[in-house]
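Chain order of the listed sequences is A and B. Residue 426 is where the first sequence starts when you use my numbering, and the numbers rise one by one after that. Residue 634 is where the second sequence starts when you use my numbering, and the numbers rise one by one after that.
Calculated from the structure, these hints are not laboratory results. Be a bit skeptical, because a hint or two may be false.
Computed cross-link-like contacts, SDA-like style, restricted to lysine to any residue with a CA-CA straight-line distance of at most 25 Å [said to hold, decoys possible]: (1) 843/A / 759/B; (2) 626/A / 841/A; (3) 723/A / 708/A; (4) 641/A / 621/A; (5) 685/B / 834/B; (6) 882/B / 749/A; (7) 843/A / 986/B; (8) 843/A / 858/B; (9) 882/B / 708/A; (10) 871/B / 734/A; (11) 871/B / 735/A; (12) 909/B / 799/B; (13) 871/B / 811/A; (14) 841/A / 799/B; (15) 871/B / 753/A; (16) 723/A / 920/A; (17) 843/A / 479/A; (18) 843/A / 870/B; (19) 882/B / 815/A; (20) 882/B / 734/A; (21) 871/B / 496/A; (22) 770/B / 734/A; (23) 843/A / 810/B; (24) 685/B / 879/B; (25) 841/A / 712/B; (26) 841/A / 859/B; (27) 871/B / 626/A; (28) 626/A / 517/A; (29) 770/B / 764/A; (30) 871/B / 876/A; (31) 871/B / 510/A; (32) 841/A / 858/B; (33) 871/B / 517/A; (34) 882/B / 764/A.
Note that this is a predicted model, so its numbers are computed, not measured.
As a plain string of letters, each chain reads:
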Amino acid sequence: MTVSSSHKAKGGDDLPLAISLSGVSKTFGAVRANDDISLTVQSGCIHGIVGENGAGKSTLVSILYGFYQADQGEIAVDGKPVHIRSTYDAIAVGIGMVHQHFMLVPPFSVLENIILGHEIKAGARNLKEAKAQARDELIALSETYGLTVDLDARVEDLSVGLQQRVEILKALYRGARILILDEPTGVLTPQETVQLIEVLKSHRDQGVTVLLITHKLREIMAITDHVSVMRGGKMVDHLATATTSPEELAQLMVGRKVLVNANYHDATPAGVQMQVSDLTLTGASGMPLLRGISFDLKAGEILGVAGVSGNGQSELLEVLSGITAPTQGQVTIGSTVISPEAGLSPRDIKALGVAHVPEDRHAMGMVLPFTAAESAALGYEDQPALGTSMWFRPAAIEDHCASLMRDYDIRPGNPKLKSNLFSGGNQQKLVLAREMSAAPRILLVGQPTRGVDIGAIEFIHQQLIDMRDQGCAILLISVELDEILSLSDRVMVMNAGQSMGIVNKADANAQSIGLMMAGVQ
Amino acid sequence: MSTTLPRWIDVGLLPLINILAAFIVSGVIIALIGENPFTALTVMLKGAFVYKGALGYTLFYTTNFIFTGLAVAVAFHAMLFNIGGEGQAMLGGIGIGVVALALGGLVPPVLVVLLAIPMSALMGAIWGIIPGWLQAKRGSHIVITTIMFNFIASSIMVWLLTGPMLREGQISPESEHFADGVLLPQMHTLFNAMGMEMARSPLNLSFVLALVMSVVGWALIWRTRLGYTIRATGHSEKATIYAGHSPQKIIMITMAISGALAGMMALNEILGVQQKVILGFTSGYGFTGIAVALMGRNHPVGILFASLLFGALYQGGAELDFEFQNITREMVLMIQGLIILFSGALVYMFNPMLERIYHRLTRGNALTQEEGA
């Protein structure tokens, strides 16, 4: 189904379409990842593609960038039909891509990273000359596009935002006139996101076409001219951003009405369940990872922990769940004290009524090659209902999983299916179901909706609020600031392993929290 | 997007195709050296299954492969590549020798045998747990350490059999003969005693023990909590820690079990046939166990079939050597090598082809179903 957009491109009416896809299909085995996709992207525009996980966005972009080849359909770039068989072909027709996970060599300088793979351009006889040549070109490029970055800095010393800038510069250096960005803001602070948006707008003004893949509707609204919505491998609609709303987009993505913001209502916190004082953790190389963190966690409240990824949140979760022993300070749960001298294993801590939904469900929360039933027993395999200390009872474990699948609407509801065959949202629901069904007094949750689609996010948020209302003390760690703000009763902000302070719901907003995340007190 | 083939193709058809490919290439080579490959195949099959006593010999070799294959498989479930089956089996043999030589004649032979069985497992376990400990606590890679431990075991054997264990007045490196009756009963004697005809062969009770251990191994991996934890450790150490287990402990336990299984291989050779400790009785069975486990997809049922195949190759191959002028025993090694190549290194070579054919055959089906729904 094709719906052409009536919105006029800022680049002008007479320019050919930057990208035009018609009838593109791609099948993997029995799965139709892309089904008769048509898309037109006008030159000099910022065009967004939104869709849930598994909607086929990544496949579509991969076809454009030459990772996959379409089974059917035509691609035209700048009005000319093209056959993109590899990333080289893509670069040759002027398509550049900035991946979600950067493709940079950390110990190399910015300049070296940018010319990697294109070391010798015409005219240069050796690497030294090539570098000098590239330097002049890059200085010109970065001035044109407002992408200032120190070419001699080592990439590993740069912030994530600057690394992304290097990626963009790399694409432009290769002659990209069409820039594809895949979930570019996932790792950025709110301030860095604002900067990125400015950079992309200046690209548009220079005539660069930007294709933005994201699941964050707020960004789509803030930056794009047009937006295309994908669902279940199909293109469902093309809209002019000015005429749509986040609610409409969410509805198109999911295929039904959804709540964009959680159904929050005030909490009634009770007694302190977990007391953390002066918690400190020093890494193997002497790097301080946690620096004197203190807070109380009360029954019936959600304490959100905000921060840019990698500022000690993961370590905090690991110490609280017993995976890592603290270097200093203590955690008190009930009458039990955890300290460097008296460490407790994850098993001991679980026995105190603490459940843990880990940040990385793939590596930690489940065992991907296991069946869903086996993953649903992880950490609880010695529970009397599931087995004995000696024997493992597949039938009991499958029954348990089947009931979790019913209660938490996990699909497909087949406990014998391998864990890695479930979508991100359903995997996450399975982990949550396992931990919540243990009826914990304290629930530690890390990134509950990372890589999870909108429909499942709504469900997960509701479950967390319900748990809170039932009196569970919840510590919520997330890099999604919106999630923290919409669910938390109080927000603790972390920067460089330190707590930058705890803010009450009423005083917490993206501006104030954003500054604290950046380390400004 | 992962493999979309049904299970029966994945675990049934694909291995058969791989073996077939290996045999076709072997056939071509046999034809190239001027012999008829079909005659050769017939001779091999007869030599492995048909001639008098042939099946007994085939199953005797099969027994060795079951033990070493299981050993590799158990370790593999914890993602540990135990290359040390050879050394662990040698230590098992030493264990049997020590018990049999020290107690033989002093206590009833049955008791000696009953003690020798756990002793072979215990010694093998010790030879497995040390590399396990080094891996768990020191991070020394299990592949390297188990290989080294093969050499150490081999040196210990040489030292024992040229010194402390050397039979009085003997020049070839072997121990004193065990006391009368200190052996695992051979199958043909058991069968004949029950009034059933069976040709003479070295096949002994170890074969039954190997079958029992296959069941035990299956139950361990898929029906015990320990097995669950072993598999979890193999797939994701982080998840294991998260679930409250110590991967280090699991690694050591797994290596002990794996070593024990390899150690029990010595029962078949030492207590089943030789009745003395001899040098080099492991003859590479420990290494071939890796191929057996690979082919058997680390599942006891698969390992039984793979062991039977390798047992038949060993026995039938000897017959080839005997019947043909141009074919030597080394030809069998080549066929084995090709089987390992096709079902180990190239295990998924035919997968894309099978997938295409399968989907072409089933697509029409699926589409009509979709339309019907």
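Checked hints:
Between residue 843/A and residue 759/B, the direct Cα distance comes to roughly 36 Å. Violation of the 25 Å bound is thereby established for this hinted pair. For the given pair, residue 626/A sits about 49 Å from residue 841/A by alpha-carbon distance, which is inconsistent with the 25 Å threshold. Of the pairs offered as hints, the one joining residue 723/A and residue 708/A is violated, with about 29 Å between alpha carbons and a cut-off of 25 Å exceeded. Under the criterion of a C-alpha separation no larger than 25 Å, the hint pairing residue 641/A with residue 621/A is consistent with the structure, at around 14 Å.
For the hint linking residue 685/B to residue 834/B, the alpha-carbon distance of about 9 Å falls within 25 Å, and the restraint holds. Our distance criterion of 25 Å between C-alpha atoms is met by residue 882/B and residue 749/A, whose separation comes to about 17 Å. As the CA atoms of residue 843/A and residue 986/B are separated by approximately 24 Å, the hinted pair is consistent with the 25 Å bound. Between residue 843/A and residue 858/B the alpha-carbon distance is near 19 Å, which keeps this suggested pair within the 25 Å criterion.
For the proposed pair residue 882/B and residue 708/A, the alpha carbon gap of about 24 Å is at most 25 Å, so the pair holds. For the hint linking residue 871/B to residue 734/A, the alpha-carbon distance of about 19 Å falls within 25 Å, and the restraint holds. A C-alpha spacing of about 18 Å is found between residue 871/B and residue 735/A, which places the hinted pair at or below 25 Å, so the restraint holds. Only pairs whose Cα atoms come within 25 Å are accepted, and residue 909/B paired with residue 799/B is accepted, the gap being roughly 10 Å.
For the given pair, residue 871/B sits about 22 Å from residue 811/A by alpha-carbon distance, which is consistent with the 25 Å threshold. Proximity of residue 841/A to residue 799/B is assessed by CA-CA distance (about 57 Å); at most 25 Å being required, the pair is judged violated. For a cut-off of 25 Å, the pair hint linking residue 871/B to residue 753/A stands: about 24 Å separates their Cα positions. Restraint check: the Cα-Cα separation between residue 723/A and residue 920/A comes to about 23 Å, which is no more than 25 Å; the hinted pair holds.
For the proposed pair residue 843/A and residue 479/A, the alpha carbon gap of about 17 Å is at most 25 Å, so the pair holds. The straight-line distance between the Cα atoms of residue 843/A and residue 870/B is roughly 18 Å, inside the 25 Å bound, and the hint therefore holds. With a C-alpha separation of about 16 Å, the suggested pairing of residue 882/B with residue 815/A holds against the 25 Å cut-off. Proposed proximity of residue 882/B and residue 734/A is contradicted: the alpha carbons are some 32 Å apart, above 25 Å.
For the proposed pair residue 871/B and residue 496/A, the alpha carbon gap of about 39 Å is over 25 Å, so the pair is violated. This hinted pair does not check out: residue 770/B and residue 734/A have alpha carbons roughly 31 Å apart, beyond 25 Å. Straight-line distance between C-alpha atoms of residue 843/A and residue 810/B comes to about 54 Å, which puts the hinted pair past the 25 Å bound. In summary, the hint linking residue 685/B to residue 879/B is not supported, as the alpha carbons are separated by about 53 Å, beyond the 25 Å threshold.
As the CA atoms of residue 841/A and residue 712/B are separated by approximately 23 Å, the hinted pair is consistent with the 25 Å bound. A C-alpha spacing of about 20 Å is found between residue 841/A and residue 859/B, which places the hinted pair at or below 25 Å, so the restraint holds. Restraint check for residue 871/B and residue 626/A: the C-alpha separation of about 42 Å exceeds 25 Å, so the hint is violated. At most 25 Å may separate the alpha-carbon atoms for a hinted pair to count; residue 626/A and residue 517/A meet this at roughly 24 Å.
Straight-line distance between C-alpha atoms of residue 770/B and residue 764/A comes to about 24 Å, which keeps the hinted pair within the 25 Å bound. The suggested pairing of residue 871/B with residue 876/A holds, with an alpha-carbon distance near 20 Å, which does not exceed 25 Å. Our distance criterion of 25 Å between C-alpha atoms is broken by residue 871/B and residue 510/A, whose separation comes to about 38 Å. Restraint check for residue 841/A and residue 858/B: the C-alpha separation of about 18 Å stays at or below 25 Å, so the hint holds.
Taking the CA atoms of residue 871/B and residue 517/A, the gap is near 42 Å; set against the 25 Å cutoff, the hint is violated. At most 25 Å may separate the alpha-carbon atoms for a hinted pair to count; residue 882/B and residue 764/A meet this at roughly 24 Å.
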